[in-house]
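Mind docking chains P and D on chain Y? Use the hints.
Chains as they are written, first to last, in the numbering used here: chain Y, 9 to 551; chain P, 4 to 203; chain D, 154 to 249.
Be aware that a few hints might be false.
What the hints assert, rightly or not - Coverage of chain P stretches by chain Y, computed from C-beta distances (three or more under 8 Å per stretch; other residues unrestricted):
1. 14-26
2. 101-111
3. 135-144
What the hints contain is simulated information worked out from the structure, not anything from laboratory work.
Model, not experiment: these values are computed from the prediction.
Positions of the beta carbon are idealized from the N, C-alpha and C atoms, including for glycine.
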Amino acid sequence: MNSSESKTLSFWEDDGRFSGIFSWIFTTDHKRIGILYLYSVLSLFAVGVVIGLLMRLELIAPGSTIVGAQTYNAFFTVHGVIMIFLFVIPSIPASLGNLFLPIQLGAEDVAFPRINLLSWWLYITGLILILISLFTGQGAPDTGWTFYVPFSEYTTTNVNVAVLGVFILGFSSILTGLNFITTIHRMRMPEMKLTQIPLFGWSLYATGWIQVLATPILGITVLLIFVERTLGIGLFDPAKGGDPVLYQHLFWIYSHPAVYIMVVPAMGVVTEIIPVFARKHIFGYKAIALSSLGIAFAGSLVWAHHMFTSGMSDTAVMIFSFLTFIVAIPSAVKIFNWVATLYKGSIVLEPPLLYALAFIFLFSIGGLTGLVVGSAGTDIHVHDTYFVVGHFHYTIFGGTVFGMFGGLHYWFPKIYGKMYNKKVATTAWGILFIGFNVLYFPMLVLGIMGMPRRYFDYLPEYQLGHVISTVGSWIVAVGLILMFYNLYRGIKKGEPAGKNPWNAATLEWTTQSPPPKLNFIKEPQLTRGPYDYKGIEDDTQYQ
Amino acid sequence: MTHNTSKDYIGAKIGMWLFLFTEILLFGGLFVLYSVYLHRYPEEFHLAGQELNVYFGTANTLVLLTSSFSMALSITALQKGNKKLCMILLTITMILACVFLFNKYLEWGAKIHHGIYPDSPTLLERPKGEIIFFGLYYVMTGLHGLHVLIGSFIILIVLILVAKNRVTSSDFVAVENTGLYWHLVDMIWIYLFPLFYLVV
Amino acid sequence: MHAEEEHIVEFKVLFKVLIALFMLTGLTVLAGSVDLGYFSVAVALLIATAKASLVVFFFMHLKYEGGLFKIMVLLAFVILAIFIGFTFFDVAFRTN
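Looking at chain Y on its own, in the form it has when it is part of the complex (with noise of 0.2 Å):
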C-alpha cells in the first residue's frame, strides 16, 4: 500500500507511537479507526450470511432438514443479532464515516480521538459478549432479536449475557454519533460552512442525533430485561402489575429510529455517488440535507407500528399508522432528487454507480412494501408474515447494505490507492441483484400467502416458494464471493490508482492516495462546492 505519488507516508504506513498490531488496537487516527470497524463488521456480516444460508438451507423443505425447532430458533435470534448490531448499525457510519468524514470536513481527525477508539473498543466487547452467550450455558438466545416478554424472561438460555452485550454495543453507537456531531460542528474547515458540507456529512449528522436519542431507550429496554431475569421486579409481568406491551413500546422507541440509523447513511453514500456519475451538481442540496433531519425526526414518531396486532389502542393503532406515512414523505424526496439529478447528466456507469441504482429500486421496493405494513387494515393480514421479513431484507439489505458495497467500490481506491477490476465488479453486482431478487421477491408472495415468520417448519403449499428463495441465497452467496474476492485482489494487485480516478469533487479527492495521517500533505483550499465538477479535469487541487 505505498503512496506513489509522495513521500509521505499514507496512514497505513504511519504506525505513530505504537508499533505491530498495537499501532492499530490502540490508534486514534480515525482512518485506522475505520478500517478496524470496516474488517470488524464485514467479518460479522460473514457470520450473519451463514447463519442466514443454513436457515434458508433448513427451510427448502418442511419439517426438520437441517437442524431441529430449537436450534432454528437460535439461528434466527442470532442472525438477526448479529446482522442488526454488530453489522448493519455500525457499518456506514463506523467505517466509511469514520473515515472520510473529517476528510471531506478539510479536518485532520474527530473531534474525540480517544472515544472513537473506545467505540471500537466497545463494539469488541460486546462482540465477545454475544460470542460468550452462544457458547456457553444453555446456549444462544431463542427469544428473536426483539427480545419480547413473557418469554425473554423465562427461557433458560443466555439471554442475560446477549442483552448485557447490546448493552455495550448500544453505548458503542451513541459514543461515534456523539462525536460526529461535534466533529460537523467544530472541525470544519474555516471557509466551509453548514451550508457547504457534503451531503454525507448531513447524512451522518441526522443519524448521530438519532444514535444520541434513541440508543438509550434501548439501554435501559435491556437493562430491564436483565434486572427482570435476575430481580423479578415484574414491570412487564402481568402477575404483578406489569404490562408486556409497555415493553414493546419501550423497544420500538429505539428499534423504529434504528433502522433509520441504518438507511440515512446509505442515503447520504448514494447522494455522494449520483452527482460524481451524473457529471453534474446534486438537485436540491438544500432539500436533500432537510430531508435528512426530516426522516430522522418524522421516523421517531413512528415505533407503534410494529404494534398494530399487540393488544395496543385502536386510537393508537390509527394515529401511529396515520404518521407512519408521514415518513415517506422525506424519503421520496431524496429519490427524486436522485433521479432529477440522473437526468440529463452525461452518465458514467461505473460500479459505484450500479450500486447507487440498485439502491434506488430495492429500497423502494422495499419502501412501498412498507406502505403495506404500516397502512393497519393490511398489516393485520401480513403481520409477522414472510411480507415483514422481505419488507425489511429489501430495505436494509437492498438498501443499506448496497449502498454499503456501493460506498466500499466508490472509495476503494482513495482507501487502498488501487483500483478494482471494474468488469468483475460489474458481473458480481449483477449475480447479486438477480440473487437478491429471487432470495426475497417469494417472501413477498409467501407472506401474502399466510407463511409466518420465525417457523421452522411450514404447509406444503408454501415450498414452491421457500425452494425459490433457497436458491437465491445461494446466487446471493456467489454473488458476494466474488464481489469481495475481486476487492480483496484489488488491494493486493489492482492498478495503482490517482488522487481522484472518478474526478469527484470533496475534499477526500485533493490529497493523495490512500491518505496520509494527518489527511492532507498541504492545507486544502475551498475552491469548489462539494458537487461542482467544472474544470475540474484542469484542476490542480483535484489531479
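Just chains P and D, lined up with the frame of chain Y:
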C-alpha cells in the same frame, strides 16, 4: 500542515451535553413506565408512596441541591483563580453526595428489613399497583444512586487533577463538564422526589 | 480565545438560585399535602420543572450559552415528551 493542538473548549462542552442527553433519555425510558403506571394505579401509588419517609426524601433533596450549589461554586472559584476554594467546594460536594447515599442506604435498608424488596413474598401479597410502585422505586432510585456514586468518583478524580494543576483557571473544562454531569444527577432527583414521595 | 467564550456566574447569583430552589422544594412538599385530583401531578411536575429550569439555566450555565446549546437541550426534552406522550395514545385509550 499546521497542527492545532489547543483544546476545543466549546467542542468539549457540546460533547458533554450530548452525553447528558443520553442520560436524560436513559432515565426517560423509566419515566415512560412510571407515567403509564401512575395513570393506571393512582390509588395504589398514593398509598405506597405514603410508606416512603417524606423527611428523608426532603432532606436528601436539600442535600443534593446544596451539592449542586457547591459544585457550581467550585467552577466559579476556579475561573476566578481561587484553586484552594475550588478544591474545598469540590470536597464539600463529595461529602454531600456521600450523605445522600448514606440516607439512601438507610431508606432502602428500612424497606428491605420490612420485607419490601423486588419479588419478596411480602411485596407479592400487596395489590399489583403497589408491587409496581416499589418495582419502579427500586429501579429508578437505584439507577439514580448508581449515578450519584459514579459522579462522586468523577468529582474525586477532577479534584485530584485540580490539585495537580492539570486543570487550571485557563483550562477548566473538565470541572465544568463534571459539574454538568452532577447537575443532571441533581435534576433527575428533582423529578424523582415528588413522583415517589409526594404522590397525592 | 477562552476569554470571550467563558462566562463566570457570580457567587451571589448562585446563592439566590439555591434559595429559590429551597423555597420551591418547600412549596412542592406543601402541595403534596393538598389533594387536587389530576392537577396534583401537574402541579408537582410544574414545580419540578421550575426547579429543573433553574438548575439548567444557572447551575449548568445554559442561560449564558449560545443558541445552538439551547436548541439542542430543547430538542432532547421534546423528544422525551413525545416518547411519553405518544405512548399515552395507547395507554389512555385501552378498552380492556
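So, going through the hints one by one against the coordinates:
Look at the stretch 14-26 of chain P against chain Y: 8 of its residues bring a Cβ nearer than 8 Å to a Cβ of that chain, three or more, so the hint holds. Coverage of the stretch 101-111 of chain P by chain Y is violated [criterion: at least 3 residues with CB-CB distance below 8 Å; count 0]. With 5 residues having a beta carbon nearer than 8 Å to a beta carbon of chain Y, the stretch 135-144 of chain P meets the requirement of three or more and the stated coverage holds.
Violated hint: 2 only; the structure is consistent with all others.
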